[in-house]
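Listed below, chain by chain, are the residues.
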Amino acid sequence: MAAESTAKLPLGFRAGWVIICCFTALILVYLVLPQFIVLPLSFSDRSFLSFPPSGWSTQWYEKLVANPSWFQAMINSLAIGVPTAVLSMVFGTMAALAVSRGGFKQAGVISALVVAPMMLPHVILAIGLYPLMLQLNLLGSYAAATIGHTVIGVPLVFITVTAALARHDFTLELAAMTLGARPWRTFRSVTYPTIRIGIIIGGILAFATSIDELMLALFLTGAGTRTLPRLIWEQMNDYLTPTIAAVATLVFLFTLVLLVIVALIQSRSTRLDGWNHD
Amino acid sequence: MTEQGAKLKLSGVEKRYGKVEALRPTDLELERGEFFSLIGPSGSGKTTLLGAVAGFTPPTRGRIEVDGVDMAALPPYKREIGMVFQNYALFPHLTVFENIAFPLRLRKLPESEIRSRVIQMLETVRLPDVGGRMPTQLSGGQQQRIALARAAVYGPRILLMDEPLGALDKNLREEMQFEIKEFHAKVGATVLYVTHDQDEAAAMSDRIAIMRQGGIVQVGTPRELYEHPRNEFAACFLGNANLLEVVREIRRSGDYVDVETPAGPVRAIHEGKDTGNGDQVLCVRPESIGIEREGVETSAASTESNRLSGRITDATFTAGSFRYVVDVEGASPVAVRLTSIRQSQMLKPGDRVALQWAADATLMIPKE
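Chains H and S, in that order, are what the protein sequence lines are.
In this text, residue positions in the first sequence follow this note's numbering: the first is 1, and each later residue adds one.
In this text, residue positions in the second sequence follow this note's numbering: the first is 1001, and each later residue adds one.
Simulated from the structure, these hints should not be mistaken for laboratory data.
Small disclaimer: the values here were computed from a predicted structure and weren't measured.
A virtual CB, placed ideally from N, CA and C, is assigned to each residue, including glycine.
Don't take every hint at face value.
[Claimed, not checked] Facing chain S, according to a computed beta carbon distance under 10 angstroms, are these residues of chain H, among others: (1) I27; (2) T178; (3) S189.
So here's chain H without its partners, still in its complex pose (with noise of 0.2 angstroms):
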């Protein structure tokens, strides 16, 4: 009798179970697929963009290496990219410290002002932006786009530093100033090993964003500073080969790259929960 039942059970626990793990699946595949898309396409032979491509080849490749016009704006991404996850992590830290240890009593309202830009259509921003860098003689510049770009990657950083900071009260910086720490040290030696995990997922997020963004560099890159996706835009407009294939497979292996190294390094600290330093 109780065999019976306990048979019964775990039968019924397993068919529910097995429901959950192909609608999982659905999702993940909907949600996933379309970005693979492109992987085929940039190998097809013909010289316009159709799927399923008939046949491969990988002259869209040759093609891309070919055109320096592709290298110039792959150095322009990195160009605004790199100095908008440096800038993003330095305001984005501040801001989280700031928010989270400040004891300020509008904490909830400067949170929501630092994560609007994230929020907002990027199209405002950029609106808002152009008349600005046009005033200050910056359009068309990597500093321009760089500022564009640092609004949207700051709310980013403030994210994940914000997490990290909840994970520890601050008892631990009162800890260390009673044992004699000043503030800067008590930063160095307590709070930034704490939230340097934090910090680095961030920076990465922030510089991914910028490498993908379209909009701001739109309106605020020029023909010598135009983006990777800015490039992609315009030869979407006017030849569409697979070289755009090619191209977008490229920024989203390298975009996926980055987000494994995000997984690695939050795997990793959830395993250790800090690093051994001696």
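Starting from the known structure of chain H, fit chain S onto it as the hints suggest.
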């Protein structure tokens, strides 16, 4: 390592947040090497007072002197006052060894001395083998011992402890009370200890300050506070107290006062306190009251001056003592505690009983 504790003196220390007075002007003096506890309900100002000494909450007014030197305006890192926190506050990214070494590295001691001091401290807290582990690999009690070691390793002459046992379960808490006392004896620092656990404070402290609504109600040894509470709040906060309303005073003779209560006349001692203004109550500790089945009069107990009769509503045995709750007409239920019990005192709910106790065990104190 046995540094001499410092003298801590607070005079007129006050903390205001706008119009809110978190700490009323407070004077307090701790002797060298004393173990001093602040107890009180949450919001009574004990954490504010501790924060003022630590340097986290600079007082609005007042002096905080350590051996005569005013610290009130100094930041925490210049005070050389060790602190132990409720949540241990061990640095999660450093090993146990490096946690304890932290204050020594700040003071740029030579590596050999750091090593020997940390090892000595680990032995003091009886965890000699955990130096290489991360704090999260230790139990709560072990982590708190490491926190003690870290707070004391650089020889601060004052140690602050903010509910250090608050996060531990009951059995471990009692064990750690002993550990902390022993630690205190070894390092010799003056300890200012904050807790909301009255038993913990009574068991550990040389003296206690009972706090309430941002001010100190009474300071004294645990025994003084228990036997001579200044008012109803102090009486109820440290230990249990039976309170009887005072309807009116009948007469005074010497230290004694005869009082009319709703339950009948009672004789008490008044300790010469002014009784002219304000309401008074009578306080009787549960273990001061004798209890007998009604009609069974033993000669020893019947000589006591105060007698009431009532009916048992609850009888419980708790570790080491019997506790009865007796319903007395005209009074709130009276608790009686017996550590040993005679046959005639084996009682159950519903039994009619006679209560008697000495006038000397009855204290007339101001009501709140």
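Evaluated hints:
Hint on I27(H) is violated. Least Cβ distance to chain S is approximately 35 angstroms, over the 10 angstroms limit. With its C-beta approaching chain S no nearer than about 4 angstroms, T178(H) sits inside the 10 angstroms limit, and its interface hint holds. The closest approach between the C-beta of S189(H) and any C-beta of chain S is roughly 7 angstroms, which is under the 10 angstroms cut-off, so the hint is satisfied.
In this structure, the one hint that does not hold is number 1.
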